[in-house]
Amino acid sequence: MIELEQITKQYPGQVMPAVDKLFLSIPKGEICVLVGPSGCGKSTILRMINRMIEPTSGIVKINGEDVTRTDPDQLRMGIGYVIQQIGLLPHRTIAENIAIVPRLYKWPKEKIKKRVDELIVMMGLDLEKTRGKYPSQLSGGQMQRVGVARAMAVDPPIMLMDEPFGAVDPIARTHLQDELLRLQKEIKKTIVFVTHDINEAIKMGDRIAIFNAGKLVQFGTPEEILTNPINEFVEDFIGRDRVVKKLNLYLAGDAMEPIGCVVKEIELQNAAQKMKDAGVEVAFLINEAGKACGQITTSDVEEFGKDIEGLRKRVLRTEKAFVQTTTPFPDALSLLLEYDADYLGILKGEELCGMLSFKGIRKHVYRKEDE
Amino acid sequence: MSWENFRFALFEKAPEALLEHSMIVVITITIAILISVPLGVFLSRPKFKKFGLVTLNILNLLQAVPGIAVIALALPILGLGMKPAIVALLFQSLLPIVRNTIAGLLGVSSDVKEAASGMGMSQRRILLEVEIPLAIPIILSGIRTATVYVVSIGTLASLIGAGGLGNLIMGGLALFRPEYLLVGAGLGALMAIFLDRMINYLEYRITPPGIRVE
Chain A
0 MIELEQITKQ
10 YPGQVMPAVD
20 KLFLSIPKGE
30 ICVLVGPSGC
40 GKSTILRMIN
50 RMIEPTSGIV
60 KINGEDVTRT
70 DPDQLRMGIG
80 YVIQQIGLLP
90 HRTIAENIAI
100 VPRLYKWPKE
110 KIKKRVDELI
120 VMMGLDLEKT
130 RGKYPSQLSG
140 GQMQRVGVAR
150 AMAVDPPIML
160 MDEPFGAVDP
170 IARTHLQDEL
180 LRLQKEIKKT
190 IVFVTHDINE
200 AIKMGDRIAI
210 FNAGKLVQFG
220 TPEEILTNPI
230 NEFVEDFIGR
240 DRVVKKLNLY
250 LAGDAMEPIG
260 CVVKEIELQN
270 AAQKMKDAGV
280 EVAFLINEAG
290 KACGQITTSD
300 VEEFGKDIEG
310 LRKRVLRTEK
320 AFVQTTTPFP
330 DALSLLLEYD
340 ADYLGILKGE
350 ELCGMLSFKG
360 IRKHVYRKED
370 E
Chain B
0 MSWENFRFAL
10 FEKAPEALLE
20 HSMIVVITIT
30 IAILISVPLG
40 VFLSRPKFKK
50 FGLVTLNILN
60 LLQAVPGIAV
70 IALALPILGL
80 GMKPAIVALL
90 FQSLLPIVRN
100 TIAGLLGVSS
110 DVKEAASGMG
120 MSQRRILLEV
130 EIPLAIPIIL
140 SGIRTATVYV
150 VSIGTLASLI
160 GAGGLGNLIM
170 GGLALFRPEY
180 LLVGAGLGAL
190 MAIFLDRMIN
200 YLEYRITPPG
210 IRVE
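Protein chains in written order, with numbering that gives the first Met the number 0: chain A, 0 to 370; chain B, 0 to 213.
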């Protein structure tokens, strides 16, 4: 746990303090995102945690201990540090770069090599090809992977990340974000993550701290912040589309409804009757292999009547109108719009396990908004 | 021009002169490196940057004094011989090395330094393992400039009795023997080119592969 107690940072020659009497406590094992417009002091706060910057007044505590009591180099060796510019040593190979902190800890060579190899693989890089390369031979995305690997080398409990994915292209950024989230599920580090991008904050943060002009404006989970922005500044900062942004927080599985009726492909002609009996508007079709392969709505049945072939064609048009339980709402919505459908089947792996409707999404978001 | 004079200059006079000249160059450059590199390192530390500017200005001024004037000034103060010559030449060779050391060290990307310090490397370690290795090509290039400089100005050192290839050149001028002149100046030029190429190669070899421009 990291606690900032009445931290103030006043740069010489500036009227306004960069950080003003800040209290913030960052819980263990979570990703806490510091977000705000540029110049709001978020990087300064991050850098005061590992004493790259010393606060003018106030105390930074890590697990209850005042960081100014430890030697700054010792302190930094125990905290992972990733910056936007990455800062790999250009004259050292990738393996040597990752080995920097283990070497500072004087690990035995064998142990260092094992750990470096493990990290290169963990970061999804080709072990044999990457190990001996120099940073200039890698792409931006690959370099930042190495940057993250280097910060995790000695498995520090705390990682500080200053706009770590700010300089990589959007595709690589999404990948890196997803991978960090996936890794975090296993490694459960306390991560302080600075960004100016609210979308990244919502995606990455277990908790978000929004700053403006050196002051903490709001601190809470993404859901809390999107649901109840505390003032106009936060509202503006998260944007007019805050409810749409909120969709990112939910997964198809959250609003899953039970399926009323399943029809086998070979008995398509009975579909109308079956749906009537079950009293449902939509049924899902299953082929001989037991795989979900489309949906039938009452309007389809009405439109085609006895024209089974026409119906089959219509049904198979929605062959891909399925999402996984883990699909986020925006992707599901996009599919709903793409197929001009009211429902989507939800799969768990290959198996049909429920359905998602426009209405369900609306209700889910509305309910959350209400709370 | 006579072959006899030429032969005499090349085989009888030149070996000793060349040896003396090499000694002047090697001793001067070694001392220059020993003074300039630490000075450059010192002046590139954040705390002493403001002294750096002053020192560079002073050295620039020294550089602006013509070599022959320095040698001439050294005579009344330091007397005759090789030692005063070396002191005089030192003045001329400090600047390129100090300047390049400072430029090389300050040229190391601040991102790299920030990352290194953020990982817990001490300032000393950052200097030895990060800054100097990255600045080495530029420092060496300063040493190369200084070396070539000392080889050429070194010929003037014979004016205050330091010997070297200057003896052949001055002798040739005094005795109207162009052969002596040719041998002295020619060997001086060859020596300058040779040392320049040698340090250039060293520069290439010592540059870490990751920052080599191929």
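Calculated directly from the structure, the hints in this document are not laboratory data.
C-beta: ideal position from N, C-alpha, C; glycine also.
Careful, some of the hints might be misleading.
Over 10 Å on every C-beta distance to chain B, these chain A residues come out as not near it, computed from the model [unchecked claim]:
| # | residue |
| --- | --- |
| 1 | 72 |
| 2 | 74 |
| 3 | 76 |
| 4 | 87 |
| 5 | 89 |
| 6 | 128 |
| 7 | 149 |
| 8 | 185 |
| 9 | 205 |
| 10 | 233 |
| 11 | 309 |
Reference excerpt, derived from the structure (chain B facing chain A, CB under 8 Å, subset only) [as the list claims (entries may be wrong)]:
| # | residue |
| --- | --- |
| 12 | 15 |
| 13 | 80 |
| 14 | 106 |
| 15 | 110 |
| 16 | 114 |
| 17 | 115 |
| 18 | 118 |
| 19 | 119 |
| 20 | 129 |
| 21 | 133 |
| 22 | 198 |
| 23 | 199 |
| 24 | 208 |
| 25 | 209 |
Structure-based check of each hint:
no.: 1; hint: 72; result: 5 Å, violated
no.: 2; hint: 74; result: 7 Å, violated
no.: 3; hint: 76; result: 3 Å, violated
no.: 4; hint: 87; result: 7 Å, violated
no.: 5; hint: 89; result: 5 Å, violated
no.: 6; hint: 128; result: 16 Å, holds
no.: 7; hint: 149; result: 7 Å, violated
no.: 8; hint: 185; result: 23 Å, holds
no.: 9; hint: 205; result: 24 Å, holds
no.: 10; hint: 233; result: 30 Å, holds
no.: 11; hint: 309; result: 64 Å, holds
no.: 12; hint: 15; result: 43 Å, violated
no.: 13; hint: 80; result: 44 Å, violated
no.: 14; hint: 106; result: 12 Å, violated
no.: 15; hint: 110; result: 4 Å, holds
no.: 16; hint: 114; result: 3 Å, holds
no.: 17; hint: 115; result: 7 Å, holds
no.: 18; hint: 118; result: 5 Å, holds
no.: 19; hint: 119; result: 3 Å, holds
no.: 20; hint: 129; result: 6 Å, holds
no.: 21; hint: 133; result: 6 Å, holds
no.: 22; hint: 198; result: 20 Å, violated
no.: 23; hint: 199; result: 19 Å, violated
no.: 24; hint: 208; result: 6 Å, holds
no.: 25; hint: 209; result: 3 Å, holds
The structure shown violates the earlier hints numbered 1, 2, 3, 4, 5, 7, 12, 13, 14, 22, 23.
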